[in-house]
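Respectively, the protein sequence lines represent chains A and B. Numbering of the first sequence is given in the numbering used here, commencing with residue 1 and proceeding in unit increments. Numbering of the second sequence is given in the numbering used here, commencing with residue 1 and proceeding in unit increments.
Be careful, since some hints might not be right.
Unchecked claim - Distance condition first, Cα-Cα at most 30 angstroms in a straight line; then the derived DSS-like pairs of lysine-lysine: (1) B/Lys95 with A/Lys75; (2) B/Lys119 with A/Lys52; (3) B/Lys129 with A/Lys234; (4) B/Lys57 with A/Lys75; (5) A/Lys224 with B/Lys45; (6) A/Lys89 with B/Lys138; (7) B/Lys187 with A/Lys71; (8) B/Lys53 with A/Lys224; (9) A/Lys234 with B/Lys57; (10) B/Lys82 with A/Lys234; (11) A/Lys234 with B/Lys51; (12) B/Lys138 with A/Lys224; (13) B/Lys129 with A/Lys214; (14) A/Lys149 with B/Lys129; (15) A/Lys224 with B/Lys88; (16) B/Lys51 with A/Lys52; (17) B/Lys146 with A/Lys234; (18) A/Lys224 with B/Lys37; (19) B/Lys82 with A/Lys224; (20) A/Lys214 with B/Lys138; (21) A/Lys75 with B/Lys114; (22) A/Lys234 with B/Lys91; (23) A/Lys234 with B/Lys84; (24) B/Lys187 with A/Lys234; (25) A/Lys234 with B/Lys95; (26) B/Lys45 with A/Lys234; (27) B/Lys45 with B/Lys75; (28) A/Lys89 with B/Lys53; (29) A/Lys149 with B/Lys114; (30) A/Lys71 with B/Lys95; (31) B/Lys95 with B/Lys75; (32) A/Lys234 with B/Lys37; (33) A/Lys234 with B/Lys138; (34) B/Lys95 with A/Lys224; (35) A/Lys234 with B/Lys119; (36) A/Lys75 with B/Lys45; (37) A/Lys149 with B/Lys138.
To be verified - Label-pair distances were calculated between CB atoms; the ranges are: (38) B/Pro135 with A/Val72: 57 to 65 angstroms; (39) A/Lys149 with B/Ser40: 47 to 55 angstroms; (40) B/Lys187 with A/Lys149: 36 to 44 angstroms.
No lab work stands behind these hints: they were computed from the structure. Small disclaimer: the values here were computed from a predicted structure and weren't measured. Cβ coordinates follow ideal geometry from the N, Cα and C atoms, glycine included.
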Amino acid sequence: MLIYIRVDYNIRTSMIKKFAIILITTIALIGNVNASSDGELLLKKNDPAEIKECWEGFNRASFALNQGLDKVIFKPIASIYRTFPIPIKSGVSNSLDNLSNVVTIPNNILQGEFAKAGINTGRFVINSTIGVLGLIDVASLMGFEEYEKEDYGQTLATYGAGPGCYIVLPVLGPSTARDTVSLTANFLGGDAWYNVTVKNDTQYFSDFDYYASKATSGVDFRAKNYDSINNVEKNSIDFYASVKSLYLQDRQQRILNAKTIVDTQDDSDWEEIEN
Amino acid sequence: MKKKLFSVIFTLILLANNVVAIEADIFVQSTVNRASKLLSEDISKEEKIEKLKIIAKDTVDIQGIGFYTLGSARKNLSDIEKVKYSEKFEKYFLKSFSSRLAEYTNPEINVFAKEILNKNYTIVNSTLKATNERPEIKIDWRIYTKNPDQPLIRDLIIEGLSLARTQKEEFASVLSSNDGDINVLFKVLEEFSNN
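Okay, chain B solo, but in the shape it has when bound (with noise of 0.2 angstroms):
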């Protein structure tokens, strides 16, 4: 009886798990299709800005880009620091993401495949569909699945070329011209999310 219990106990929460576990692929195609629904409403580009920040909290590991596009540097700060960079990395991390994708007006992103890398990474393969002004272009999606139930996007990868790669080296670039302090990265992060 108490074997039949276990059993039964078991296979529901195996099953329980397989019904919340949201498929990487699935999680970016909704994501997708959540964006392009909003881009393409009849509102001022400050509402599709303000919208597309929602989305972007949702579905993004925001901090998580930010301590990988910090780097080694990462390893020198003390906690106030860290939080102070969190918070500064996320207004300017929005305002960069939003206003890149308000400027697209109806999206057209397929996804046609995955890559499980390992139990915290799969990438998702799509393409942005072509339009008169420019060929299609490839994006690829590093989805962060140590959650099953709550995938995040880590990256965008653009016809192989890395935004959160590319946010690291330019990042870097700044703080090597300043000796490495941190203060100018903050001024300059505060600077590009007030103007």
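Extracted from the complex, chain A is given alone in its bound form (with noise of 0.2 angstroms):
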């Protein structure tokens, strides 16, 4: 009795954390729909300048915390990182690359992008195999098609969701309302890596795999990017902006995955100042 009691507990205590979840999501997401639901086109949707800033005192300190964690563990990390040796470095970013498939092939499908998802498949299975986990891309070797990443925040702004707020995260860096709410996704099923390292307790994976390769994506990410994100905060005046308008443009030539810059850029601006 006391069993059937306290599993019972348990499946309601879930339920109501899922449910939860998904109120929250929803009331976000008609929050964003409804904040751009006016027909105009997806590349003004996303477009940085016109992605409103709801929270500056918030976002603003949040930026100071990620400066702080960035000077004392990414950065030093990042400093001795990139200077291994190239295939060392290669492989990590290559096997991040092969795990993300993971939630880029739901996502293409998601998206309508059946050939994608097909060959992202492809790509995942020839890497993880052949490839030895993903350390050697041999898919691109063998002509695949250059990969690119897809997540739920993706989905949500082809099917017409706008960004809503500008937010910095904690820990997480910049962010929107929209790829916020989009994260949850991931916890809610839509990441098969969590799902086989935190959600579900198997044998072959543990919670520490999850986090392992979430900071070591932060490291590689911070080591890529080393002199320009220095060169950047060097050389801005408000580098709180400069970041804010990096992330915003990147997001915005994802969205659209956008192959020339032409997509992305407005020339009117431009042709402006002509005047």
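Assembly of the complex is requested from the two constituent chains, each provided in isolation within its own frame, with the hints serving as guidance.
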């Protein structure tokens, strides 16, 4: 009887938790969709200049915290990591890219990009096996098209959800309301890597594997952009605004799957100064 | 006779224009080579910075970038303020530009394509060769070609991210945090240039 009550209690707690997440997600999404449901183009919706700054005080505080963490943790580790031999860095980078396929593939499908989903599935299978757990990008050597990451935020954007307000998440960094909400999809079964490491107790992986992969991904990104980030920081009159602009430009480009810069550059501002 | 003379003159003018006009991609490659040669010279960093400023003045439309960067705030400025802004922006830009580039010792940039957008703009595509410490970087150049004899750089787009746009949003942030007061921006630019 006691066991039954306990199991029942656990199921109910789990259900309430899930329900709360779905409710928050839905409310936030409705807000986002309403914020930009006027039929504007995807380009316009995700234009960095159009994205609102609703919580600047919080964002700047969070940004300062992240800068502190970067100074103490990520920057020192990245400065050592970038001196590693190229084959090691490429292997790590390839492996992380390969792992990200487990989120990219469902998003390819959700966006109706079935051919891309097929290609990425092939890429994932080949690289995970012949490519020794993704360390070697055999698929690219075989002529597979260039890999492009997709996530649930990009999918929501293609469904017409606007970005909502800009937000800087502690530890995780810059985001938007839409992209933050979409993160929850990863924890609700949308990320197979999370499912087999953290969510389900498999005998092959542990929580550590998931968090270690995320931390490595952060270090890899920091190392690749080491000089650029230092340069922007040194030469900015408002570093927070620079990072915001760079992040939002990058997101816009990813959402549009822009191949050339002309796709995301608005020439009207340049034409204006002619007058 | 008159007709022939006219044809000869017309052809000569046409030829002269074609000879003088500089292709945007050639302009970028020669500018890059000029900067690259300078950066590999065995001179002090300060000397490099001073020489880079000269290259920037020759090849970059600093005033155009300055007004673009100011965005809609430009419309509210008086003529005196515009002059003041242009002066301060040039100092800021030259310092920022040269100190950014001076960090590189011998950057290898290869120009490989161009796309003519209209008579005023051409986008030139290039790559900065990978080193042991960083991967290859894609750099696109927005070249202002209104005067074909003297093309000028208006923007650098690194991996799809526009530096001019970033700077514009940075300036907008400074202005919006200070009720649009242009004097605050003047002060910030001056502080940056003097540091």
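Against the structure, the hints:
no. : hint                                       : result
1   : B/Lys95 with A/Lys75                       : holds (25 angstroms)
2   : B/Lys119 with A/Lys52                      : violated (34 angstroms)
3   : B/Lys129 with A/Lys234                     : holds (23 angstroms)
4   : B/Lys57 with A/Lys75                       : violated (34 angstroms)
5   : A/Lys224 with B/Lys45                      : holds (25 angstroms)
6   : A/Lys89 with B/Lys138                      : holds (19 angstroms)
7   : B/Lys187 with A/Lys71                      : holds (28 angstroms)
8   : B/Lys53 with A/Lys224                      : holds (28 angstroms)
9   : A/Lys234 with B/Lys57                      : holds (22 angstroms)
10  : B/Lys82 with A/Lys234                      : holds (26 angstroms)
11  : A/Lys234 with B/Lys51                      : holds (20 angstroms)
12  : B/Lys138 with A/Lys224                     : holds (13 angstroms)
13  : B/Lys129 with A/Lys214                     : holds (28 angstroms)
14  : A/Lys149 with B/Lys129                     : holds (24 angstroms)
15  : A/Lys224 with B/Lys88                      : violated (33 angstroms)
16  : B/Lys51 with A/Lys52                       : violated (41 angstroms)
17  : B/Lys146 with A/Lys234                     : violated (33 angstroms)
18  : A/Lys224 with B/Lys37                      : holds (25 angstroms)
19  : B/Lys82 with A/Lys224                      : violated (39 angstroms)
20  : A/Lys214 with B/Lys138                     : holds (26 angstroms)
21  : A/Lys75 with B/Lys114                      : violated (36 angstroms)
22  : A/Lys234 with B/Lys91                      : holds (16 angstroms)
23  : A/Lys234 with B/Lys84                      : holds (24 angstroms)
24  : B/Lys187 with A/Lys234                     : holds (18 angstroms)
25  : A/Lys234 with B/Lys95                      : holds (11 angstroms)
26  : B/Lys45 with A/Lys234                      : holds (16 angstroms)
27  : B/Lys45 with B/Lys75                       : violated (38 angstroms)
28  : A/Lys89 with B/Lys53                       : violated (36 angstroms)
29  : A/Lys149 with B/Lys114                     : holds (27 angstroms)
30  : A/Lys71 with B/Lys95                       : holds (25 angstroms)
31  : B/Lys95 with B/Lys75                       : holds (26 angstroms)
32  : A/Lys234 with B/Lys37                      : holds (24 angstroms)
33  : A/Lys234 with B/Lys138                     : holds (22 angstroms)
34  : B/Lys95 with A/Lys224                      : holds (25 angstroms)
35  : A/Lys234 with B/Lys119                     : violated (36 angstroms)
36  : A/Lys75 with B/Lys45                       : holds (25 angstroms)
37  : A/Lys149 with B/Lys138                     : holds (18 angstroms)
38  : B/Pro135 with A/Val72: 57 to 65 angstroms  : violated (26 angstroms)
39  : A/Lys149 with B/Ser40: 47 to 55 angstroms  : violated (36 angstroms)
40  : B/Lys187 with A/Lys149: 36 to 44 angstroms : holds (42 angstroms)
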